[in-house]
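Asks: Residue-level listing of the chains:
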Amino acid sequence: MNLPMVQRILGLMLLMFSLTMLPPIGVALAFGDGHWQPFLDSFLIVAAIGLLLWLPVRKVRRDLRLRDGFLVVAVFWICLGLAGATPLLITDRPDLDFTDAIFEAVSGFTTTGATVIVGLDDLPKSILYYRQQIQWLGGMGIIVLAVALLPVLGIGGMSLYKAETPGPMKDQKLTPRITQTAKALWTIYALMTAACALGYYLAGMSGFDAVGHAFSTMSTGGFSTHDASFAYFDSPAIEVIATVFMFIGGASFALHFLVIRQRDLYAYWRDTEFRAYFRLVAIVIAGASVYLWQQGEFDTFGSALRHASFQVVSMQTSTGFLTTGFADWPGALPAFMMLLTLVCGCAGSTAGGMKVIRWLIVFRQGVVELKRLVHPSAEIPVKLAGRVVPQRVISGIAGFFAMYFVVFAVLMFLLMMFGLDQVTAWSAIATSLNNVGPGLGDVIITFRDVPDSAKWVCAIAMLVGRLEIFTLVLLLTPAFWRR
Amino acid sequence: MKIIILGAGQVGSTAAQQLSREQTNDVTVVDTRDEILRDLQDRLDIRTVSGNAAHPAVLEAAGGNGADLIVALTNSDEVNMIACQIAWTLFRTPTKIARIRSGDYNQRPELFGDTAIPVDLAISPEQLVTDYVERLIRYPGALQVLDFADGRVRLVGMRALKGGKLVGHQLRELRAHIPNRDVRVAAIYRDGQNVKPDGDTVIAEHDEVFFIAARDDMRTMMKELITEEAPVRRVVIAGAGNIGYRLARALEDRAQVKLIDRSAERTRRAAETLRNTLVLTGDAADEELLLEENIDDTDVFVALTNAEEINILSAMLAKRLGARRVMALINRPSYAELMEGGKIDIAISPQTITIGALLSHVRRGDVVRVHSLRRGAAEAMEAIVHADGRNSPVAGKRIDQIGLPEGTTIGAIVRGEEAIMAHHDTVIEVDDHVILFLTDRRHVEDVGRLFQAGTRA
Numbered sequence: 003m004n005l006p007m008v009q010r011i012l013g014l015m016l017l018m019f020s021l022t023m024l025p026p027i028g029v030a031l032a033f034g035d036g037h038w039q040p041f042l043d044s045f046l047i048v049a050a051i052g053l054l055l056w057l058p059v060r061k062v063r064r065d066l067r068l069r070d071g072f073l074v075v076a077v078f079w080i081c082l083g084l085a086g087a088t089p090l091l092i093t094d095r096p097d098l099d100f101t102d103a104i105f106e107a108v109s110g111f112t113t114t115g116a117t118v119i120v121g122l123d124d125l126p127k128s129i130l131y132y133r134q135q136i137q138w139l140g141g142m143g144i145i146v147l148a149v150a151l152l153p154v155l156g157i158g159g160m161s162l163y164k165a166e167t168p169g170p171m172k173d174q175k176l177t178p179r180i181t182q183t184a185k186a187l188w189t190i191y192a193l194m195t196a197a198c199a200l201g202y203y204l205a206g207m208s209g210f211d212a213v214g215h216a217f218s219t220m221s222t223g224g225f226s227t228h229d230a231s232f233a234y235f236d237s238p239a240i241e242v243i244a245t246v247f248m249f250i251g252g253a254s255f256a257l258h259f260l261v262i263r264q265r266d267l268y269a270y271w272r273d274t275e276f277r278a279y280f281r282l283v284a285i286v287i288a289g290a291s292v293y294l295w296q297q298g299e300f301d302t303f304g305s306a307l308r309h310a311s312f313q314v315v316s317m318q319t320s321t322g323f324l325t326t327g328f329a330d331w332p333g334a335l336p337a338f339m340m341l342l343t344l345v346c347g348c349a350g351s352t353a354g355g356m357k358v359i360r361w362l363i364v365f366r367q368g369v370v371e372l373k374r375l376v377h378p379s380a381e382i383p384v385k386l387a388g389r390v391v392p393q394r395v396i397s398g399i400a401g402f403f404a405m406y407f408v409v410f411a412v413l414m415f416l417l418m419m420f421g422l423d424q425v426t427a428w429s430a431i432a433t434s435l436n437n438v439g440p441g442l443g444d445v446i447i448t449f450r451d452v453p454d455s456a457k458w459v460c461a462i463a464m465l466v467g468r469l470e471i472f473t474l475v476l477l478l479t480p481a482f483w484r485r
Numbered sequence: 119m120k121i122i123i124l125g126a127g128q129v130g131s132t133a134a135q136q137l138s139r140e141q142t143n144d145v146t147v148v149d150t151r152d153e154i155l156r157d158l159q160d161r162l163d164i165r166t167v168s169g170n171a172a173h174p175a176v177l178e179a180a181g182g183n184g185a186d187l188i189v190a191l192t193n194s195d196e197v198n199m200i201a202c203q204i205a206w207t208l209f210r211t212p213t214k215i216a217r218i219r220s221g222d223y224n225q226r227p228e229l230f231g232d233t234a235i236p237v238d239l240a241i242s243p244e245q246l247v248t249d250y251v252e253r254l255i256r257y258p259g260a261l262q263v264l265d266f267a268d269g270r271v272r273l274v275g276m277r278a279l280k281g282g283k284l285v286g287h288q289l290r291e292l293r294a295h296i297p298n299r300d301v302r303v304a305a306i307y308r309d310g311q312n313v314k315p316d317g318d319t320v321i322a323e324h325d326e327v328f329f330i331a332a333r334d335d336m337r338t339m340m341k342e343l344i345t346e347e348a349p350v351r352r353v354v355i356a357g358a359g360n361i362g363y364r365l366a367r368a369l370e371d372r373a374q375v376k377l378i379d380r381s382a383e384r385t386r387r388a389a390e391t392l393r394n395t396l397v398l399t400g401d402a403a404d405e406e407l408l409l410e411e412n413i414d415d416t417d418v419f420v421a422l423t424n425a426e427e428i429n430i431l432s433a434m435l436a437k438r439l440g441a442r443r444v445m446a447l448i449n450r451p452s453y454a455e456l457m458e459g460g461k462i463d464i465a466i467s468p469q470t471i472t473i474g475a476l477l478s479h480v481r482r483g484d485v486v487r488v489h490s491l492r493r494g495a496a497e498a499m500e501a502i503v504h505a506d507g508r509n510s511p512v513a514g515k516r517i518d519q520i521g522l523p524e525g526t527t528i529g530a531i532v533r534g535e536e537a538i539m540a541h542h543d544t545v546i547e548v549d550d551h552v553i554l555f556l557t558d559r560r561h562v563e564d565v566g567r568l569f570q571a572g573t574r575a
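Protein chains in written order, with the working numbering: chain G, 3 to 485; chain Y, 119 to 575.
Honestly, the hints are just simulated from the structure, not real lab data.
Watch out, some of these pointers could steer you wrong.
To be verified - Short, incomplete list of chain Y residues facing chain G, as computed with Cβ under 10 Å: (1) Asp144; (2) Leu162; (3) Gln288.
To be verified - With a Cα cut of at most 27 Å, we get these calculated DSSO-like pairs of lysine-lysine: (4) Lys120/Y to Lys164/G; (5) Lys164/G to Lys385/G; (6) Lys283/Y to Lys515/Y; (7) Lys437/Y to Lys61/G; (8) Lys341/Y to Lys314/Y; (9) Lys175/G to Lys120/Y; (10) Lys61/G to Lys164/G; (11) Lys437/Y to Lys280/Y; (12) Lys280/Y to Lys376/Y; (13) Lys185/G to Lys283/Y; (14) Lys185/G to Lys175/G; (15) Lys175/G to Lys164/G.
Even for Gly, the Cβ is constructed at its ideal location relative to N, Cα and C.
For reference, chain Y alone in the conformation it holds in the complex (with noise of 0.2 Å):
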């Protein structure tokens, strides 16, 4: 696939490297920044093309004509929109992916259209992570929760604790603990190394467990892991910025919410939406402040300021400070790493959320959705199993019959509203949901291949 991304920050590098890396998808990177893109290009497969990302001329430079997949990407809302227009004008690219952060403009879906603004999808990176963050509060302990088929089947990553009913059992018990339900242990990791999950295994206390379940069933199994957390009560939101304010939004009917913000301007504007929410103009890293509001009481810190530095100092002095739980918006992966699981309990990285929600739609047809867990590593992926009428590699197969490639696990099948853990005489029919894990993320491709219909093949 010809895929053009305008725009070589952040999200933009990662799509760039990400979808550089199947062999089959030639990407064209389109940025203003030289330096930038000579970077880039050392260290991937990629073209790049400088220049204004909306102009015609540079869109044609970076193979406009012919391109089946652009994806704005640059800071401007309005350079994505108009980008995608003229390539639509012009070229007649069949999809355009734009990102669009300002609230205002997500709020009139009927301005995205091939009548109007020619986007087919509107990413809003803001919301994304406010939902994945909420997600995180709600459940408490969770690392990462995911959803497939529609919310019907989760994918849970969390780490084990010392308390948790299955902490120092073999897997197989966990059928006597938990009778009657269903619930697949997907992949476990130890010490960041990849452990393959079977009735033996035991799981250790800090082990990364990923788990598959449906909806209702997931809280059962969250206790397996870690002692039972009372719901969270107390949040603490540092930055009143986009993300941090929707979050004070979507919490504050439920727990009792504080915002901080350095910016006074920032916290009125909060303050003049927000009902429950308590908000305070100061610095999040200021021990005083954080103890003046009974940090060593909260349940949940939550650091989303544009500097990630400060996300990270903060959170950790908030730790240091009694709270229970941390969570920081860090950027870059590697500090994301090194924080993660030590001084911070989860690190959000905007960029893996974005991506997958891109990927999910550059990954045409049969595969519906991907995510990438810890950070990129390891994929989760949904497929749609299709009748073509011709000998389809999956459909109708017993899953121990499917050639699957190495690290790649079948965890569950949607068929209808119901929702099938996977055994490995499960037979996959026509039309099944199908979700997978992949402990390396080399094989999408394969798997992709897999359920390709026959035509396309």
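This is chain G alone, in the form it adopts within the complex (with noise of 0.2 Å):
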């Protein structure tokens, strides 16, 4: 363990970090909302925490290791959850307590999108604002973007890369930096941004909401600035293409590299994974769209395409828009609704969840097996896109789904222990755990009427989900301490 260096680290991205408070300040002095006050303050106080950690050990040169980087990423993650409630702590409007600033700011880092605030329309811009960017720089993982700027890291880039990144196989590098790499996506990612918001303010929303959920769209993120999320502006085209933007977000960043470097939209149906998460979708789409016609919750075929396939990708992509709401939609839906978010996206998106590409590769493990039971002595590998999958990736999968649902069943009991209907219970977890936002139960559209002790848990699933586990489990484990 080199803590120093991890200290060195940890202060130089808390400076990096303070930064992002100055935007808000420029959108409170353009609006005239007159709220850039918590900001500076914030500003300040998060600047001199980093200032205090990295001038001790600024002189500190030496490369991280491997679990330097798990330690680095975990802490500067829970470093994150404090240092963003700053200003939602400080303000009065809204004037949370020191459970909802946290729980708050670790749903906007997380990409999940669960809030505790009601009456959204009513805050300052600079605070709407500062939701919809911290949710942005969570989507891409703002430890990517450090790597990305700070040269410092050097080698041991790679290791923290790796500690944030979602994914079973992460080993494959788009360039041979990793700056360069890290640079790649968040260039990637900025620019679908950007494209995003130009749709939505062509559409008809407002410069400012345009911004605002394009942040919270392309990181899959959920935050909205409206209580009544899209359904306050009730427009086929902007769900629309809220629907294509989540659903680029859940895909993988690193293949939408590939198609933009070769130009060929048609790397994206070669890609294994892209083609499960497009079939699935379609599917559900499909499904959900009859089911609910069928039973009459919509009076046309076409709004109930509308409203199925907004509410399938959001959920899906762990996003967590809603228009009509699922939670009263009839027979399984509403819990099927839930389970799909365990699915989520693709490996190295901005959703949660336990990405497509573990589902596929146990899924064909499973059929390897029933094989075996026919032919015992058959050699059968598992193979994505032709290639055989290494046994060792394949183990890994196994272990992070006994992992997530030791971790899923705990925090659930937890749950049920303070006082939370088994609904309620599941659901926040599994919209915790997967990054999402929107529950059942109690905690269909806000977290506010949950008890605090709750809210801890939430916040801490939405932590251990985003870290994908294990990256904050092996803090726990006695082996990773060991020298």
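Dock chain to chain to rebuild the complex, using the hints, since each chain is given by itself in its own frame.
Replies: Below, the structure written as structure tokens:
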């Protein structure tokens, strides 16, 4: 363990993060909401803490080991929750207590999008903007951004990148240098966000709403600047744009990079994971809209299709925008939509959940086991796109599944112990662990009414889910700390 | 520069490590062994691609399209050549370097060229190592001998020993010891630490001293650091592989050479072509055999088998039995560090030698030669000063006016046929070959930039 170096990087990254308090000040001045003081204070506080961490160890120069990378990422995400909550805590509009401020910040950074605030429409523009911005930063990962911008990270950048980026196989670099890879990812991310904002604007959103919603769409976050979420706009055009960009955000950014570099749209279809992701979304949308129409939930098939497709993509990509909501839908649909979030988007996307590729590999492994029952001595490898999946990856995924469900169960029992009913408890954990946002029962739109203890459990679940279980759980194992 | 390295063996990994350390290089390594690649990627900031190095699809995935340099270092000469051929045919890769082991290919230079097998530089590690060892044996006492400017200037590293005339004296006395000769002490390492040499520095026993001198002044300077050694008369070589055999052939006319190998087949084949060498079949780590062959009367014992552990052990044994100087071929840098200067006089690292040759071609244009010293801790460079009409940071300047990075010294300048030892007031002219010594290899790039022609900066 290389603690001085870890401290130095944490300090540097906090310094970098403190700069993100400046745009909201600009927003406050531009819209004249007079609400810049909390951000200036937060900027000074976070920068001071960063400086205090960095100054004593600024001359330390050592390479980060893999282990240090996990420590940096885990600790920094926890710091993010605290630092990001500062302005929310300082301001009196909304007047949040400590627990709520932390919950809101963590929910933002992890792109969950669950909120404890009701009455968004009356809040100052700067606060609204800030909430959207933390989602955007958390989407591609603020550590990936740090790797792109801070050359001092050097080789250690790879270990940080690996600890933050989701997916089971992250040894594949897009470019030889890790900083270039990080830069490429952020550039694509920023460009797509710009395209999304432009789309929203042309479809009739105000400039402020367009940018704000583009932030939380590309990051598959789910925060909105209105209590009614997308129902506020009630515009099919806006919903179609949102659906498309949520879908893009749920696909792998490495794949986007490949498509752009090869200038070949067909590369999407060649990717096995993307194909599975696309098919799953298409089938669920078709099934749900037919079912909703049959059950008479909507008058016409057209409106059933409109709401089903928006809501399915919103849940499947872990965004959590709502139009009509799905909690009151008939039959198994509400529970099914919640379970859909376990699959979620592709590895290397901004979506949460367990990722399509893991399910795909586990499913194929299951098929292989079936075949083995018939031909006990057959050699049947699990393949993806014609290439054998290494046994290491498969067992890694098996371990991930086991760990995921253990964590899921433990946190759910905790919520029940804190007095939540079963439906609320399991959907709250599913929505937090998968970074989605809305749940069922008491947490359909807001988490305001659950007890503080439950909010803490959910905030932890969001962090655990965003860092894909292992990074955080690793810190609790004695083996990690043993020299 | 975009670089593809094929083969992640010893030399491939080291090359990837050294090249990726320079920020301007993008390195991709190709190998068939996933384990090694994963390991490498965890350690270095590079990309890895798994697959057969000679397959077009693999080369393409590694970024063959747009690569500036391809370095083929797989175990197979044939794969290396085919990979270069494919890179040239498909991607027109400008520079292709291949490791070609087999002497058969190397004897026919007409094989290599854009119209035949498009390899711009065929590196033969065996030949490089042989040359290196031969130079060490020719200059008894030297740890490292490097040529610059076609051998007009040499950089020698050696360990100062009791009896050397300068040992225990200040460096400024050197001028009195050897008047009329110009020698520059470039660096001194004491207990592994770099000591900045100036006039007051006292040379102590066991210091590792690097000096730069014109070829003819070398021997004079060496006498300053060690007692005069008798020229090498008797050499025992363990291992009749490629290197051992070539070394025996290079030395057999000047010294009495004994070549030992375990394999009867190898010794028979060696004996068929060697004229004056005594070829012995047996175990080089066998005490009886060594004593029988008068190891106690041997000037130099060189262990060059394929197994580094055996090399280390047999060299240690030879030393204990009385061989005057022992050398061993050691691949792992950490082993070399452990052994050198202790029980083994010189650790020969084929990687460092190969990498040195490789890097001097990779670093483009103005830097013509780079040698790793002390297993990569320091470097010696040879750079050419260009006239580019603009303000060169070097040309026309006095040495003390040049803003050199810390730990960098200009040792010598070769102007035409003349070798000039550098002083603080020496003025550098256009087309000079400047020989620099860097105690901190991180500055290699900065120095390279100094000498870069303005158009490319």
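Asks: Lys164/G and Lys385/G were given as a pair; does the straight-line alpha-carbon distance stay at or below 27 Å?
Replies: 23 Å, holds
Asks: Holds or violated: Lys341/Y with Lys314/Y, Cα cutoff 27 Å?
Replies: With a Cα-Cα distance of about 22 Å, the restraint between Lys341/Y and Lys314/Y holds, given a limit of 27 Å.
Asks: Against chain G, with CB atoms and a cut of 10 Å, does the hint on Leu162/Y hold up?
Replies: 6 Å, holds
Asks: Lys437/Y and Lys280/Y: Cα distance at most 27 Å?
Replies: 19 Å, holds
Asks: Hint check: Lys185/G vs Lys283/Y, CA-CA at most 27 Å. Holds or violated?
Replies: 59 Å, violated
Asks: Run the distance test for Lys175/G versus Lys120/Y: straight-line Cα separation, threshold 27 Å.
Replies: Within the cut-off at roughly 15 Å; holds.
Asks: Is the interface hint for Gln288/Y satisfied, with its Cβ closer than 10 Å to some Cβ of chain G?
Replies: 34 Å, violated
Asks: Hint check: Lys175/G vs Lys164/G, CA-CA at most 27 Å. Holds or violated?
Replies: Judged against 27 Å, a Cα distance of about 10 Å means the pair holds.
Asks: Decide if the proposed pair is consistent with the structure: Lys61/G and Lys164/G, CA atoms, cutoff 27 Å inclusive.
Replies: At roughly 25 Å apart (the allowed maximum being 27 Å), Lys164/G and Lys61/G satisfy the hint.
Asks: Given the hint that Lys120/Y pairs with Lys164/G, test it: the Cα-Cα distance must not exceed 27 Å.
Replies: 24 Å, holds
Asks: Next pair to validate is Lys437/Y with Lys61/G; report whether the Cα-Cα distance is within 27 Å.
Replies: 45 Å, violated
Asks: Please verify whether Lys283/Y and Lys515/Y have alpha carbons no more than 27 Å apart.
Replies: 36 Å, violated
The structure fails to meet hints 3, 6, 7, 12, 13 from the earlier list, while all remaining hints are met.
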